[in-house]
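K.L.:
Sequence:
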Amino acid sequence: MINYEFSLYTFEYFLMILVRVATFVFIAPFFGMNNTPRRVKIGFSAFLALILYQTILPKEVLEYSGVIEFAIIVLKEGITGLLIGFAANICNSIIVFSGKVIDMEIGLAMANLYDPTTNTQSGLTGTMYNYFIMLLLLATDMHYYILKALVDTYQLIPVNGAVFDWEHLMGSMTMYISDLMIIGFRIVLPIFASSMILNCILGIMAKVAPQMNMFAVGMQLKILLGFSIMFVTIILLPDISNFIFREMKKMIVSVIEGMY
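Each residue of the sequence shown is one higher than the last, beginning at 1 in my numbering.
Because the hints were derived from the structure by calculation, they are not lab data. Worth double-checking, as some hints may not be accurate.
[Said to hold, decoys possible] Here are the simulated DSS-like pairs of lysine-lysine, each with C-alpha atoms no more than 25 Å apart in a straight line: (1) Lys249 / Lys148; (2) Lys41 / Lys249; (3) Lys100 / Lys222; (4) Lys207 / Lys222; (5) Lys250 / Lys148; (6) Lys148 / Lys41.
[Stated by the list, open to error] Per label pair, the in silico range of CB-to-CB distance: (7) Asn242 / Ser178: 36 to 44 Å; (8) Met219 / Asn34: 28 to 36 Å; (9) Lys207 / Tyr144: 53 to 61 Å; (10) Ile197 / Arg38: 25 to 33 Å; (11) Leu75 / His168: 47 to 55 Å; (12) Val74 / Pro190: 44 to 52 Å; (13) Pro190 / Tyr131: 16 to 24 Å; (14) Asn34 / Val74: 23 to 31 Å.
For each residue, glycine too, the CB sits at the ideal point set by N, CA and C.
Work the whole structure out from these sequences, hints included.
P.N.:
Below you can see the structure in the form of structure tokens.
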């Protein structure tokens, strides 16, 4: 039998847990997708907060002297949850960046579509790869790791215990930007190298046979070559997901280290 008892002080503690969990669910990958119903997000946040409230011991009484200090505690918990979820969610931009570069190389940069998960216009390749990565995130139980990271933060960062080291957080973002460029170009490299070789061949053909319209021929060849390379390299998606998930774990750990 499950027995939940709330007093005035413990209910405030539960609310602080709910704030951190809800802000995390709002922005975390897979959990915070825009096509997920809001009722599902709210219900999942409340259910997870109830579980954490029962398992986190001891429950400390919040100490504050007024409404302003209470609002500061709520704000700190909200920022903590947002930063943890943002650290995991931002790594999806690696595959979006790679998709934009691929679209530019094969001539699909103007063909954008509406992505309901981000409420933005995105390229065809980036959207397709993003959905593949989300499927692999579920298949590899990476969403369990993200939730476990949130739960473990209460051992390092208790309620009202966050101390933000903004220099460390800025360093984490700088590290991520450099990793984004490296990992992104690793993903794009097969298509980029093939496209560069094709451009060299077309340039030679333009000199050898100037009567041929290389611009009209090159566009179809680039699209066919790009689709062929994507079809051949589709088996590399697990390795690509490993790069992204490894970066996701590194960012979560680095952001948590900057808050205690």
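K.L.:
All the hints need checking, so say for each whether the structure fits it.
P.N.:
Hints and how they fare:
1. Lys249 / Lys148: holds (11 Å)
2. Lys41 / Lys249: With a Cα-Cα distance of about 23 Å, the restraint between Lys41 and Lys249 holds, given a limit of 25 Å.
3. Lys100 / Lys222: holds (15 Å)
4. Lys207 / Lys222: holds (19 Å)
5. Lys250 / Lys148: Between Lys250 and Lys148 the Cα gap is close to 14 Å, so the pair holds against 25 Å.
6. Lys148 / Lys41: holds (17 Å)
7. Asn242 / Ser178: 36 to 44 Å: violated (19 Å)
8. Met219 / Asn34: 28 to 36 Å: For Met219 and Asn34 the Cβ distance comes to about 34 Å; the hint holds.
9. Lys207 / Tyr144: 53 to 61 Å: Holds: the Cβ-Cβ distance is about 58 Å, inside 53 to 61 Å.
10. Ile197 / Arg38: 25 to 33 Å: violated (49 Å)
11. Leu75 / His168: 47 to 55 Å: Roughly 20 Å apart at Cβ, these two residues miss the hinted range, so it is violated.
12. Val74 / Pro190: 44 to 52 Å: holds (48 Å)
13. Pro190 / Tyr131: 16 to 24 Å: Cβ of Pro190 to Cβ of Tyr131: about 20 Å, so the range 16 to 24 Å holds.
14. Asn34 / Val74: 23 to 31 Å: Since the Cβ atoms of Asn34 and Val74 sit about 24 Å apart, the hinted range of 23 to 31 Å holds.
Violation of the numbered hints given earlier is confined to hints 7, 10, 11; the remaining hints are satisfied by the structure.
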